[in-house]
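K.L.:
Chains as they are written, first to last, in the working numbering: chain A, 1 to 325; chain B, 1 to 325; chain C, 1 to 325; chain D, 1 to 325; chain E, 1 to 325; chain F, 1 to 325.
Derived by calculation from the structure, the hints in this document are not laboratory data. Note that the structure is predicted; figures quoted are calculated from it, not measured. Just so you know, not all the hints are guaranteed correct.
Claimed, not checked - List time: in silico DSSO-like cross-link candidates among lysine-lysine, alpha-carbon distance up to 30 angstroms:
1. A/LYS148 - A/LYS261
2. C/LYS148 - F/LYS245
3. C/LYS26 - F/LYS245
4. E/LYS245 - B/LYS261
5. E/LYS245 - D/LYS148
6. B/LYS261 - C/LYS261
7. D/LYS26 - E/LYS245
8. C/LYS261 - E/LYS261
Said to hold, decoys possible - Label-pair distances were calculated between CB atoms; the ranges are:
9. D/THR214 - E/PRO183: 29 to 37 angstroms
10. D/LEU291 - E/GLU65: 54 to 62 angstroms
11. E/ARG109 - F/THR215: 49 to 57 angstroms
12. A/GLU299 - F/LYS31: 16 to 24 angstroms
13. E/HIS82 - C/GLY47: 20 to 28 angstroms
14. E/ALA305 - A/GLN119: 54 to 62 angstroms
15. C/ARG92 - B/ARG92: 55 to 63 angstroms
16. E/ALA305 - F/ALA235: 30 to 38 angstroms
17. E/PRO183 - C/LEU237: 45 to 53 angstroms
18. E/ARG116 - B/ASP260: 49 to 57 angstroms
19. A/GLN119 - F/THR215: 16 to 24 angstroms
20. F/LYS31 - A/GLY47: 16 to 24 angstroms
21. D/GLN59 - A/ARG66: 55 to 63 angstroms
22. B/GLN135 - D/ARG155: 40 to 48 angstroms
Just so it is clear, CB atoms sit at the ideal spot from N, CA and C, and this is done for glycine as well.
Protein chains: 6
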Amino acid sequence: MAEKGLFIDALRRDGLVTFLALVKDKALRPKRTGGWYLYLLLSDRTGEIEAKAWDQPQQTATLFERNDIVKVRGTIELYNDHPQLIVQRIRRCEVGEFEETDFCPTSARDREEMLRELQGFVDSVGNNHLRALLQSILNDPLVATAIKVAPGGVRLHHPCRGGLLEHVTSVCNLAEKIIEHYPRLNRDWLIAGAVLHDIGKVEELGTSRRLSYTTRGQLVGHVALGLEILERHVARLEEFPVEIKSMLQHFIVSHHGEIDKGALRRPVSPEAILLHYMDEVDARLEQAWRLIDQGPAGEEWTAYAPSLERQLYRWCPLAQEVDAR
Amino acid sequence: MAEKGLFIDALRRDGLVTFLALVKDKALRPKRTGGWYLYLLLSDRTGEIEAKAWDQPQQTATLFERNDIVKVRGTIELYNDHPQLIVQRIRRCEVGEFEETDFCPTSARDREEMLRELQGFVDSVGNNHLRALLQSILNDPLVATAIKVAPGGVRLHHPCRGGLLEHVTSVCNLAEKIIEHYPRLNRDWLIAGAVLHDIGKVEELGTSRRLSYTTRGQLVGHVALGLEILERHVARLEEFPVEIKSMLQHFIVSHHGEIDKGALRRPVSPEAILLHYMDEVDARLEQAWRLIDQGPAGEEWTAYAPSLERQLYRWCPLAQEVDAR
Amino acid sequence: MAEKGLFIDALRRDGLVTFLALVKDKALRPKRTGGWYLYLLLSDRTGEIEAKAWDQPQQTATLFERNDIVKVRGTIELYNDHPQLIVQRIRRCEVGEFEETDFCPTSARDREEMLRELQGFVDSVGNNHLRALLQSILNDPLVATAIKVAPGGVRLHHPCRGGLLEHVTSVCNLAEKIIEHYPRLNRDWLIAGAVLHDIGKVEELGTSRRLSYTTRGQLVGHVALGLEILERHVARLEEFPVEIKSMLQHFIVSHHGEIDKGALRRPVSPEAILLHYMDEVDARLEQAWRLIDQGPAGEEWTAYAPSLERQLYRWCPLAQEVDAR
Amino acid sequence: MAEKGLFIDALRRDGLVTFLALVKDKALRPKRTGGWYLYLLLSDRTGEIEAKAWDQPQQTATLFERNDIVKVRGTIELYNDHPQLIVQRIRRCEVGEFEETDFCPTSARDREEMLRELQGFVDSVGNNHLRALLQSILNDPLVATAIKVAPGGVRLHHPCRGGLLEHVTSVCNLAEKIIEHYPRLNRDWLIAGAVLHDIGKVEELGTSRRLSYTTRGQLVGHVALGLEILERHVARLEEFPVEIKSMLQHFIVSHHGEIDKGALRRPVSPEAILLHYMDEVDARLEQAWRLIDQGPAGEEWTAYAPSLERQLYRWCPLAQEVDAR
Amino acid sequence: MAEKGLFIDALRRDGLVTFLALVKDKALRPKRTGGWYLYLLLSDRTGEIEAKAWDQPQQTATLFERNDIVKVRGTIELYNDHPQLIVQRIRRCEVGEFEETDFCPTSARDREEMLRELQGFVDSVGNNHLRALLQSILNDPLVATAIKVAPGGVRLHHPCRGGLLEHVTSVCNLAEKIIEHYPRLNRDWLIAGAVLHDIGKVEELGTSRRLSYTTRGQLVGHVALGLEILERHVARLEEFPVEIKSMLQHFIVSHHGEIDKGALRRPVSPEAILLHYMDEVDARLEQAWRLIDQGPAGEEWTAYAPSLERQLYRWCPLAQEVDAR
Amino acid sequence: MAEKGLFIDALRRDGLVTFLALVKDKALRPKRTGGWYLYLLLSDRTGEIEAKAWDQPQQTATLFERNDIVKVRGTIELYNDHPQLIVQRIRRCEVGEFEETDFCPTSARDREEMLRELQGFVDSVGNNHLRALLQSILNDPLVATAIKVAPGGVRLHHPCRGGLLEHVTSVCNLAEKIIEHYPRLNRDWLIAGAVLHDIGKVEELGTSRRLSYTTRGQLVGHVALGLEILERHVARLEEFPVEIKSMLQHFIVSHHGEIDKGALRRPVSPEAILLHYMDEVDARLEQAWRLIDQGPAGEEWTAYAPSLERQLYRWCPLAQEVDAR
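Chain A with its partners taken away, still in its complex shape:
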């Protein structure tokens, strides 16, 4: 494995540097004096730096793509008070030359293990139609590949490689616990809802190391993309009951809970109602703990989180200390 070299936030502001980085953006831009230069936005998990390649920009641009990891050598200069890298050499890195976690946030759980756990839930579904359908979807190469890297969201919850898988698995486990308290709930519906509600995110958010929407994701969203995946696999199964398909579609279109939050229908069954709340609980808790952990040390409050319209309180877990006084 190649050396990562310095992380971006530790680059010396002068002298020659060599390091690995993710290509977040790449464009040919006109020089004031005529001709072109190659503009790059490079990043790792510690930050970003703009870079320019003045020599043979068009040829250099063919060596790698957005989203690739590259090994780059150059010098740091100040431009309008901002550091930028003047590229001398750059090449694409192969898988094996780098640690993915150096370049983008990645789920703390092992992704292969999570996938096995998810398959276990699917295999445990009692209804034959449902189980066959869920297995078909998880075995779909497109889904199987993507679910290991897709994030749960761009910013709000589980914004990391494997975040979607972490979220889905967590909701399955949560369902398992909640059923123990409300035995009237139907376990098959809940597992199916947990697996399918966000499945469209494998296309909406995709597999890019940059957390961002794909074009299809921005045009139609994960609800419609999830419906598409469902329809494709139902079509492959024989005599799949339309009543079951309808209920699965209902889970997908209702899991945002309210019309103005992006649901096409409000949840109409106990399982659909619970699915919505489990999705919320798992997303909000992950977000809360992440913000709290990021939080500036020594402060009672996190920074203001616009999506939550609040700051979070960081002291709570320490109730014991009060008691011990």
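Model the placement of chains B, C, D, E and F on the given structure of chain A, informed by the hints.
P.N.:
Using the frame of chain A, we list chains B, C, D, E and F on its own:
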């Protein structure tokens, strides 16, 4: 063709009557004295009447279904000040024995003619992929049968047999006119959007003479059902470009315009934006003229329309009269 | 124990009847001919009937109060097509003469058992301050008496005698399960939040057999009444840490989740966030299953529930049947 | 005609420059060392630059006003990393010395031609009262002068000199087309509504080269200013029927469609309903194409447009290319 | 003055009756047996009764109009359990034959006295332009006649003859008091705002004894009608400063406070801000005391008031009693 | 009294400076080279400056706390184009060494005088229970100390030392005036509501010279903190009527007027309704005049005020000038 007999609003309040009616509801109910009677809700375009069959209710109940047209004979009695029919004889009518328009509101335009007109629009689409897809959908037996009877809505707009077809055809024609003013618009997209945006209503509202939601319609809605129809036909065509599919999906998920009005995405292209407004214009104008025509005669204002949160003003078209004074 | 006599929905429309009923309303009203009569609204779990006592109304009115159970004898007459009871004899029943469940909906769980369960949760709290406070509140005679009869709500969720206790105990049990999945959660906070979030309902909804708001409940609401109970008991404990009090107050003022839903603050800790969702989940599931069980038999959908802005789908639990076809 | 000189985005960052510019702001400001200097904000269609005149600031300030075009000579310096112009000479330019389009965005259509087109629509109105009123308004010198330069909006739609005229004329043409599809519509009402709905913008946005609100515009808005213009001209005509005036007032007060969008009344006639949608369609399409044309080249998506709460998709018109693959 | 005769709520349900009533509705309706009858809706301040005239309906219909007071003789019959009057004789009453307050709610304050008080406020305005304008408006015969009878609203506040005058005068007096506390406020602006903010209601609600909207009121509303009155009188005054007109227009268009409450602009000056709150305070207090006074006697709470989304508490003024215990 | 020294906005950008400042923030931060430095944020009423102490940071940090006034000597350097102070000497100042108004905005009214005025209002309350309660609260040392320094808000209204007291006293005076116009109002309730509605702000915003929320304020808010203070003092009084307590609690929980504005209940009595509007009027007028007075000089409009969603118009008070032309 059988005689309709009296319309429900003209039934004499005493004596023996014979007439044809639509069965809106049918149920076996317990008698106070034990045993069962057959409860019916009968209707025609002038009103509704409750009916009871005391003799052999279970056997009678097998003779016809909800949504059938029946010929019924009986006597009218008052019960809690409301007239009800005591059934003596009842039988199912066959197609040909009755005029459908006697029993449920029906589009004023000829449905075969509208369908030919719609097919003409589809055939005129220039893009081969788009044209093939639209033809495939219109030739789908399920769609072809249902589109001739499905309404545009239960109450709001085009609430009549054939109303969906009338709305879709009208939006195609409207698009044709608006393109003349804005030539930059892409005609293929607009025709495709006009044909597909509400296509899920063939399953959401279905083919029943009673205007109502189907179970699938209530569970998943016409947006998701339209996406399902689209996906089914795209799967049948070879090498259908995913970019075109995405845009068609976008038309379907965005045609309600705003998230809190039931759109999954806001319209992002000029054609998608216009499609939303054409849908609104055609629905609102149909609704407005229908309310205005319903009277009451001699009044300046219609009754209050809750869905519009207003009364409509009935005098406007008479501007000429003012001028002539 | 006295005989209940006929239930109100089974009263014969003529002849003399004797039965037990709850007095929902009581008023002296002027007779057209001068003088007064006693107006009553009587009910049991099957319905309501208006009653009039023409003889010695003022004296009769002193024999019982609103919310009492009475034994009444009289005749049924029709007035404006509605049955009413002309009272001949009426007297107050003592506890022991009647089954409370005949007159108002009552929790299906045994209330003493639920209370013991709740006390068990309280006793298991690890933090000494928290445990002492919760014990103090549960031992408060006002709270201890009321919590066994107060409902969870007038209409929306747990609208029955003991409904509040059922809801609170259920949320404690739910918390226990969810902690198993998210071990980072603080159990003490969750149990305290579960016990306290709705405690003000013992004064807001009170102990009346009629499910209704008290005057204090209508003026200040259960959030403020819960804060009052909390403050009263904190004042009784020595050196109760203000940090713990603040967090408990936060649970009470934030448990409705959003400002426009009646929260004074949005939840700012993981436990406060989860408490809101557990409250929602338990309330919504109870409401959903109750509506589903109320029928109507044979229908796929419940009646429209205005507070949920939807009908609920009754078929879901039967997924197995589809599979078995 | 004078030379424009360099455009602001091409000014050399050093040396002496001479160019023409619009005065967007002008103020005397205190020098740290006592006395005053003249602060200017200069602009052309390519950008803005701050300028300072140190010599004889008060006298210089009298030579021109905000909104004038000036010819200026000076040197560029850096101040806090921002370029600023140190003025050596400056004088007001007369009409004829410059091309207006160099300094502010201007409608692409010829304004005289649009005005003739609009007059043609007005002359074609059949109702004598309506036609006379519209002619009176268009002949009002205040209106006639302003309508040739007023924009359609400051930022949202038609934000350019002549933009209002372009919008109004376009809505007239659009109405003409839509009437062909819905012949029941009254053409006179639609033309009158198209001409009058935004007429108050001639005072709200005014004639300044800087797109901005006038004081009256900010205080009372174009709806009230439009009503004022209407009232002034109705008063000049003999026996103008109050029924027609009321309907025209209704068009003005209802054209924003919904109360929370700035309508005083919701549209109550088919023509008023359509007017609202035509206004929306024309504004949204102009805005969409403008954003799409602004680039950035090679990108699928425009920048985020806050007023639309979305990015727009730039690829749509190219459907043909997909087909041709 | 004629005798009123019995009030409608005291009419005997049989026998011949003679009384005076307001004609709220009048229509010729078809008889089942052919021909027509005259349908009337008669009312006084105690209630309503439907009436039918079978003899010479067309001729009878010419004798009076909606909104007239009539003297009627006839017999009461029951029809579908509702009493109705069979008319034998009916004639129009002249002013002087009846007391208006017998037929419609009327302000408790003397209307001539209120008008003098209002004129006093207007005469006390210091600014010559403002004073002349307000005097011109109050002397406008249309305004002067209507303001003595127009209500403040149909249902919400001051829904009685003279209610508008009562409201406007009250806001003037309130302003006088509030200025004493905030001397920085400009008294002229406040008096002008108080007089003008609702002046359009003289046309919106009009002079009918039935509290209802006029056609113009429903089409354009009192804000636009107030602007019209203002513009008409400004046009009559010489050299009225446009700055003052703009501010007065601002008061009218901003007095509802928020855009979604019907304001075209939010209030932007201290006086405009205060005007909005004074309007609210005076309307809400009148409404609250009216609801409280309407009873029902002995109840702590009023009936639910939908426009306020609450019940009001009736006990408050009695705080003294608590103290005296 | 010590010299203030230069104000922060007048500090020379080079050379040695000595001045007094408020410590807004204080933190030990790691040096790049290892070890720590002391970071400070210093402010006075003219602005802020960051400061760093490199020598003996830990020891220096013990000399003063956040919110103290310090005397500091050091040199100004530029860092990333921003000036910062390198601290040479720093020490805490004692009361008497500085003028508080040099460091934070302070009410223009004398605070002792306002407090006497408030006590006068309290002493004038007629109801014995109410008067005793209000006196008890004002005599509470915690309240008495804090009310002299607590602000009315952090940004929106009365954001200055003593601002809360200024607001409360002003509302009392306003009530006094409004009662003169509406004599039916109960004065005792209004004075009590004025004194108590915001009393929780003494804990929510606290006594810090930096205007900011305390932790308790952020967790539970001034409504809940006000209820707590009320409950504490009611508990100290004998036989305080629960009906009066309920109404006072109602004033506190309803004074924000609407649920989505932070009220737990909507105001249900005339006095509660008026209290809400008086709170609004006093807050909005203070805010409006403050914004207007802040300039900028010569401009008709203030800067945009996000909390009001508008700019304010600064010209209004000058109506006289128009008249004088």
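K.L.:
Take the hints in turn and mark each one as holding or not.
P.N.:
Outcome of the hint check:
{"no.": "1", "hint": "A/LYS148 - A/LYS261", "verdict": "holds (27 angstroms)"}
{"no.": "2", "hint": "C/LYS148 - F/LYS245", "verdict": "holds (26 angstroms)"}
{"no.": "3", "hint": "C/LYS26 - F/LYS245", "verdict": "holds (28 angstroms)"}
{"no.": "4", "hint": "E/LYS245 - B/LYS261", "verdict": "violated (40 angstroms)"}
{"no.": "5", "hint": "E/LYS245 - D/LYS148", "verdict": "holds (26 angstroms)"}
{"no.": "6", "hint": "B/LYS261 - C/LYS261", "verdict": "holds (21 angstroms)"}
{"no.": "7", "hint": "D/LYS26 - E/LYS245", "verdict": "holds (28 angstroms)"}
{"no.": "8", "hint": "C/LYS261 - E/LYS261", "verdict": "holds (21 angstroms)"}
{"no.": "9", "hint": "D/THR214 - E/PRO183: 29 to 37 angstroms", "verdict": "holds (32 angstroms)"}
{"no.": "10", "hint": "D/LEU291 - E/GLU65: 54 to 62 angstroms", "verdict": "holds (58 angstroms)"}
{"no.": "11", "hint": "E/ARG109 - F/THR215: 49 to 57 angstroms", "verdict": "holds (54 angstroms)"}
{"no.": "12", "hint": "A/GLU299 - F/LYS31: 16 to 24 angstroms", "verdict": "holds (21 angstroms)"}
{"no.": "13", "hint": "E/HIS82 - C/GLY47: 20 to 28 angstroms", "verdict": "holds (26 angstroms)"}
{"no.": "14", "hint": "E/ALA305 - A/GLN119: 54 to 62 angstroms", "verdict": "holds (59 angstroms)"}
{"no.": "15", "hint": "C/ARG92 - B/ARG92: 55 to 63 angstroms", "verdict": "holds (60 angstroms)"}
{"no.": "16", "hint": "E/ALA305 - F/ALA235: 30 to 38 angstroms", "verdict": "holds (35 angstroms)"}
{"no.": "17", "hint": "E/PRO183 - C/LEU237: 45 to 53 angstroms", "verdict": "holds (52 angstroms)"}
{"no.": "18", "hint": "E/ARG116 - B/ASP260: 49 to 57 angstroms", "verdict": "holds (52 angstroms)"}
{"no.": "19", "hint": "A/GLN119 - F/THR215: 16 to 24 angstroms", "verdict": "violated (46 angstroms)"}
{"no.": "20", "hint": "F/LYS31 - A/GLY47: 16 to 24 angstroms", "verdict": "holds (20 angstroms)"}
{"no.": "21", "hint": "D/GLN59 - A/ARG66: 55 to 63 angstroms", "verdict": "holds (58 angstroms)"}
{"no.": "22", "hint": "B/GLN135 - D/ARG155: 40 to 48 angstroms", "verdict": "holds (44 angstroms)"}
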